[in-house]
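Colleague: Chain by chain, the residues:
Number of protein chains: 2
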Amino acid sequence: MKIGIIGSGALGLYYGAMLQRSGQEINFLLRRDYQVIGQQGLQVYSVNGDFHLPHVAGYPTVQEIGTVDLVIVGLKTISNHHLIDLVSPLLGAETAILTLQNGLGNEELLAEAFGAERILGGVAFLCSNRGEPGIVHHLGEGKIRLGEFSGGLSERSHDLAAMFQNAGVPCTAISDLRRARWEKLVWNIPFNGLSALLAKDVTDLLDHPPTKRLVRDLMLEVIAGANAQELEEPIDGPGFSQQLISFTENMDHYQPSMMIDRAAGRPLELGAIYTTPLQRAKAAGINMSRVEMLYSQLDFGENLP
Amino acid sequence: MKIGIIGSGALGLYYGAMLQRSGQEINFLLRRDYQVIGQQGLQVYSVNGDFHLPHVAGYPTVQEIGTVDLVIVGLKTISNHHLIDLVSPLLGAETAILTLQNGLGNEELLAEAFGAERILGGVAFLCSNRGEPGIVHHLGEGKIRLGEFSGGLSERSHDLAAMFQNAGVPCTAISDLRRARWEKLVWNIPFNGLSALLAKDVTDLLDHPPTKRLVRDLMLEVIAGANAQELEEPIDGPGFSQQLISFTENMDHYQPSMMIDRAAGRPLELGAIYTTPLQRAKAAGINMSRVEMLYSQLDFGENLP
Numbered sequence: 439m440k441i442g443i444i445g446s447g448a449l450g451l452y453y454g455a456m457l458q459r460s461g462q463e464i465n466f467l468l469r470r471d472y473q474v475i476g477q478q479g480l481q482v483y484s485v486n487g488d489f490h491l492p493h494v495a496g497y498p499t500v501q502e503i504g505t506v507d508l509v510i511v512g513l514k515t516i517s518n519h520h521l522i523d524l525v526s527p528l529l530g531a532e533t534a535i536l537t538l539q540n541g542l543g544n545e546e547l548l549a550e551a552f553g554a555e556r557i558l559g560g561v562a563f564l565c566s567n568r569g570e571p572g573i574v575h576h577l578g579e580g581k582i583r584l585g586e587f588s589g590g591l592s593e594r595s596h597d598l599a600a601m602f603q604n605a606g607v608p609c610t611a612i613s614d615l616r617r618a619r620w621e622k623l624v625w626n627i628p629f630n631g632l633s634a635l636l637a638k639d640v641t642d643l644l645d646h647p648p649t650k651r652l653v654r655d656l657m658l659e660v661i662a663g664a665n666a667q668e669l670e671e672p673i674d675g676p677g678f679s680q681q682l683i684s685f686t687e688n689m690d691h692y693q694p695s696m697m698i699d700r701a702a703g704r705p706l707e708l709g710a711i712y713t714t715p716l717q718r719a720k721a722a723g724i725n726m727s728r729v730e731m732l733y734s735q736l737d738f739g740e741n742l743p
Numbered sequence: 439m440k441i442g443i444i445g446s447g448a449l450g451l452y453y454g455a456m457l458q459r460s461g462q463e464i465n466f467l468l469r470r471d472y473q474v475i476g477q478q479g480l481q482v483y484s485v486n487g488d489f490h491l492p493h494v495a496g497y498p499t500v501q502e503i504g505t506v507d508l509v510i511v512g513l514k515t516i517s518n519h520h521l522i523d524l525v526s527p528l529l530g531a532e533t534a535i536l537t538l539q540n541g542l543g544n545e546e547l548l549a550e551a552f553g554a555e556r557i558l559g560g561v562a563f564l565c566s567n568r569g570e571p572g573i574v575h576h577l578g579e580g581k582i583r584l585g586e587f588s589g590g591l592s593e594r595s596h597d598l599a600a601m602f603q604n605a606g607v608p609c610t611a612i613s614d615l616r617r618a619r620w621e622k623l624v625w626n627i628p629f630n631g632l633s634a635l636l637a638k639d640v641t642d643l644l645d646h647p648p649t650k651r652l653v654r655d656l657m658l659e660v661i662a663g664a665n666a667q668e669l670e671e672p673i674d675g676p677g678f679s680q681q682l683i684s685f686t687e688n689m690d691h692y693q694p695s696m697m698i699d700r701a702a703g704r705p706l707e708l709g710a711i712y713t714t715p716l717q718r719a720k721a722a723g724i725n726m727s728r729v730e731m732l733y734s735q736l737d738f739g740e741n742l743p
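These protein sequences, in sequence, are chains P and X. Residue numbering for the first sequence follows the working numbering, beginning at 439 and increasing consecutively. Residue numbering for the second sequence follows the working numbering, beginning at 439 and increasing consecutively.
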């Protein structure tokens with residue numbers, strides 16, 4: 439399958455490399471890594487085994503890639519104002535678009551421009567980061583849950599899940615993408631935000647009892663917001679929040695991406711992870727007051743000179 | 439009147455100096471400033487005019503002060519575990535105790551140890567800080583509202599208010615001390631906490647629209663908590679919060695004490711300003727969820743090594 443990868447950060451590079459190694463025809467839109475990857479290929483350091491791809495099709499513009507069968511979007515949502523222009527030249531009549539971006543609103547943006555029937559979304563649980571140009575580090579996890587933007591379990595979803603599985607990426611096709619997106623927010627909203635704001639990792643956050651209670655309260659608000667979104671099945675508030683907290687307690691001083699971005703002075707993905715979920719919850723009559731407070735505090739740091 | 443000042447920080451030194459200048463017999467319990475004040479006296483730099491007190495009765499222990507007519511408590515509430523031992527040696531049969539400390543719980547602590555009939559409380563609106571030993575800076579404001587812990591407008595309250603007025607300190611006797619304490623919390627809880635957490639002054643906080651909304655939401659929570667406390671008259675939520683915000687918008691980059699304390703690595707008065715108000719509100723059926731969140735975030739910073 440001819441695939442175009444838009445947004446070749448840690449996520450796009452890692453999944454693209456895995457797919458290429460399994461035989462897919464991968465085309466990366468590259469910026470920072472364009473020259474180095476052209477000369478040296480792409481090196482993956484992975485907890486599952488390192489590998490090197492000597493020949494990588496990297497392009498400085500999407501026009502040079504041409505039309506593809508599948509676009510995989512890994513762009514940071516803060517660059518979504520470029521998204522339509524970046525995807526458009528890759529589209530043939532049958533091209534599907536799979537966005538693995540964070541948060542809410544990405545599928546809608548693509549659907550409005552290109553039609554809902556093209557769009558799939560996936561929720562990725564991946565610990566990876568970029569090293570020097572030409573290098574990506576896979577630190578752990580990697581599972582993807584993907585589904586149709588329009589809902590339901592399509593053959594296309596199953597085929598894409600099989601393609602990832604075949605490449606060594608655990609992947610499940612799901613019928614309720616919206617629920618999966620919200621489930622991920624139940625983790626991202628408290629842990630990304632609090633770690634960025636307080637400059638402390640998830641272990642430090644949970645070691646402080648009042649903050650652990652706050653994490654749970656934030657999770658319960660997000661679950662209330664989620665359950666107002668006409669999910670196929672509601673999320674169990676106490677059970678799911680406890681499950682995520684226990685899961686996180688087993689992480690050893692993991693630093694969420696937003697914590698790293700804030701420390702590095704990079705802009706945060708506040709729109710997709712906070713603003714849009716807050717709007718959707720509010721539209722459904724749910725006031726996520728603690729989430730709104732956390733958003734205000736994070737946005738305050740963004741806008742300062 | 440023979441007066442003992444317990445807690446000779448910026449507040450205790452300033453009010454004590456004003457009272458001494460007006461003819462009251464002031465005895466300071468001194469720690470940091472003991473030697474310098476003994477040698478050089480006390481210098482007040484004030485927006486209302488500087489003055490110097492060459493002879494100041496400062497003592498390293500309360501035992502040397504002996505019994506007094508009035509104890510004025512200006513101790514930081516984080517040192518309240520010493521409060522009873524510090525006040526006890528100053529008490530004669532008729533000694534009154536006026537606490538000008540921040541937040542809630544100070545009158546109760548004193549009343550439990552020494553009897554409710556001795557206790558008055560005052561809410562001070564004072565911008566002052568300590569300089570070098572022997573120096574206190576009065577930057578602005580200074581008004582005190584004081585009243586009986588047991589409620590009602592006593593002759594004693596009027597007399598004390600007159601004493602402060604006579605010393606050049608604007609002072610009013612009030613019948614509902616509880617309401618005055620909560621009114622001050624309506625300002626302190628958002629501005630002290632957010633400025634300490636975000637390391638930005640009140641002007642910066644209000645210049646950011648989401649944070650300004652958050653300030654208002656926090657105020658409305660505190661007002662709801664206050665109005666559940668059987669006040670003589672309820673606080674008007676929209677009106678009072680708007681009034682405080684407008685008042686604060688006229689401040690020019692004012693740094694609340696908690697912001698300064700956090701920046702200097704000093705412990706914050708979280709018990710009196712957050713924990714006790716949260717408990718009282720909860721006991722009255724009001725869940726101040728944003729306040730609780732802010733408390734968690736502030737306490738997190740306190741407990742880190």
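Hints were generated in silico from the structure; no laboratory data involved. Being a predicted model, the structure only gives us computed values, none of them experimental. Please note: incorrect hints may appear among the correct ones.
Because identical chains cannot be distinguished in the list, a pair is counted as satisfied if it fits within a single copy or across any two copies.
Straight-line alpha carbon distances no greater than 30 Å define the calculated DSS-like cross-link-like pairs of lysine-lysine that follow [as the list claims (entries may be wrong)]:
| hint | residue 1 | residue 2 |
| --- | --- | --- |
| 1 | K720 | K440 |
| 2 | K514 | K440 |
| 3 | K650 | K720 |
| 4 | K440 | K650 |
Colleague: For every hint, state whether the structure bears it out.
Modeller: Hints, one by one, checked against the model:
no., hint, verdict
1, K720 to K440, "neither (40 Å within a copy, 60 Å between copies)"
2, K514 to K440, "within (22 Å within a copy, 68 Å between copies)"
3, K650 to K720, "both (25 Å within a copy, 19 Å between copies)"
4, K440 to K650, "neither (45 Å within a copy, 50 Å between copies)"
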